[in-house]
Amino acid sequence: MTTTSLPKAPNVWRRRMRTGVIILVLAVIYGWSFTDLSLNTKGFAQGWLITKNIFKGLFSPEWSYSGEVLMRLFESIEMAWLGTFIAAILAIPFGFWAASHKGHTYSIGPLSGKWVLSAIRTFPEIILAVVFIVAVGPGAFAGILALGVHSIGMLGKLYSEAIENIDPGPIEALEAVGANKLQILWYAILPQVLPEFASFAIYRFEINVRAATVLGIVGAGGIGTPLIFALQGYAWSRVGIIMLGIIVAVMIIDGLSGYIRSRLV
Amino acid sequence: MALRNTEPTQTGLSTLPQPPKQLKKNLSRMLWTALFLVTIVGAAWHTESDPRQLAMGWPNMWRLLSQFLTPDWVYMKKVLPAVYETIRMAIVGTTVGAIIAIPITLLAARNVTKNRFFVFLSRTFMNLIRTIPELLFAAIFVAIVGIGAVAGILAIIFFSFAIIAKLTSESLETIDSGPLEAMTAVGASPLTWIRYAVMPQILPAFISYTLYVFEINVRTAAVLGLVGAGGIGVPLNTALAFLQYDRAASIILLIFLVVLLIEALSGTLRRRLI
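Order-wise, the sequence lines are chains A and B.
According to my numbering, the first sequence is numbered sequentially starting from 1.
According to my numbering, the second sequence is numbered sequentially starting from 1001.
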């Protein structure tokens, strides 16, 4: 007598229940999101006119304004450059703080470092800019400080990951010949991580250029300042030339930095 | 070992490798360092950045920072609706952006769209949108649809659509081509082809990217109010304009808490997805 036991049918009901619960949760979330949104539809008719004007302005930029645009763009790039420089240096100790040694992933030191870095990342640069304007007044310097502090969050994280992934060989070799901590840092760790650090910093510079173009909206210098004035004054051909300048500048910087990074690592 | 022995070694002592030109190398390194420092100092001078200013303005800033230690809880409760609005803006904007991203994702992936021209076109479009910062989008939409959350949502839609489409299309190009070929072999229609060969492979990545962009969007939505595009940034802007540092500090603290909460939530979800 042969007993053939078929495999049990998969528990369809449990899966269906799960799907049902997920759909229910999503429905509640979306119901909540869409109900209370205050849509003011009366602005749309006028909005269409403005949209047309924006496109007209974008395609007929005010070329005579390009000198001022170039100067302000240059200021934005300078802000990004200095902000990144500050962050690239300040992030080094944070990177070492947050880097965990192999096998000690959950020790309190590195974990606290990771927490601090993610806390720094959480503050948007534009809010930091507002805070620094309180200290140093409106202008490019406030923007530089904001970029400098905010970028520590990301750079410190990337640095710590680079430090975690280094080849332990040179460190062990130096330990074997009796080198002290500073010598190990200088001859075994830094030569391995510096190219990567530089690459990360250049990548962050790319991001910061983009950020620096809008910091002017809150008064922290750069191209954002004339932009917000042009927008508020409905000077669309001026908005056109400024946006054109931002797009071209960001593309050039992206291309350049991509090229340098590909040669660096 | 055997391989290494086949190298010709008879040239021996006569041609020692030249010592590297240390002096020249050092000189060029010094030159580059000097150039770099000149750009730093030059930029600092040109932007009128003076560290002494920071030292002088420190008391002012400290007055703001010290408010973080004693937040105004009553006021915090009062701005909670603005916080909800911020989260709503992020949810609606990310969802609509993700839906719009689907067709563009398919167009921008070389293994789905065989027509090179469409691939090029959709990629250029995405890259163009990504060069424009969200805050700038928001400022433009405020001009178009007026002050309020709608302008912020439109800005978030544009931004999320571009970044979700870019990330997903890059993942899409690395999927297993087996199912694609199998579906082509049985003569599936384009829609069936996408439904059964592409979607099962890319859906987890797509949802994960969408959640990731949602995290970014909550952070963005929190500041969009600075240009009048709704959310918690609006009361922050008012508080700052009237120099009410206690309120500003409470709002910044609240933003910090919300962002941390959303990030933890979405991070957990994403880890379970992949």
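Hints in this document: simulated from the structure, not taken from any laboratory.
Positions of the beta carbon are idealized from the N, C-alpha and C atoms, including for glycine.
Incorrect hints may have been included.
To be verified - DEER-style ranges, computed between Cβ atoms:
1) A:Ser112 with B:Ala1055: 23 to 31 Å
2) A:Glu68 with B:Trp1045: 19 to 27 Å
3) A:Ser112 with B:Trp1045: 34 to 42 Å
4) B:Leu1260 with A:Met17: 26 to 34 Å
As the list claims (entries may be wrong) - Rough simulated footprint, nothing fancy, chain B against chain A, three-plus residues with beta-carbon under 8 Å:
5) 28-34
6) 77-85
7) 152-165
8) 207-218
9) 228-239
Taking the hints in turn, this is what the structure says about them:
Restraint check, serine 112 of chain A to alanine 1055 of chain B: a C-beta distance of roughly 28 Å satisfies the suggested window 23 to 31 Å. As the Cβ distance of glutamate 68 of chain A to tryptophan 1045 of chain B is approximately 20 Å, the hint placing it in 19 to 27 Å holds. For the pair serine 112 of chain A and tryptophan 1045 of chain B, the beta carbons lie near 38 Å from each other, so the given range of 34 to 42 Å is met. Our hint of 26 to 34 Å for leucine 1260 of chain B and methionine 17 of chain A holds, since their Cβ atoms are close to 32 Å apart.
With 5 residues bearing a CB less than 8 Å from a CB of chain B, the region 28-34 of chain A meets the requirement of three and the coverage assertion stands. Only residues whose beta carbon comes within less than 8 Å of a beta carbon in chain B count, and the region 77-85 of chain A has 5; three or more means the coverage holds. For the region 152-165 of chain A, the stated coverage by chain B is violated: 0 residues have a C-beta nearer than 8 Å to a C-beta of that chain, whereas at least 3 were required. Beta-carbon proximity to chain B at under 8 Å applies to 6 residues in the region 207-218 of chain A; the threshold of 3 is reached and the given coverage holds.
For the region 228-239 of chain A, the assignment as covered by chain B holds, since 4 residues bring a beta-carbon within under 8 Å of that chain's beta-carbons and 3 suffice.
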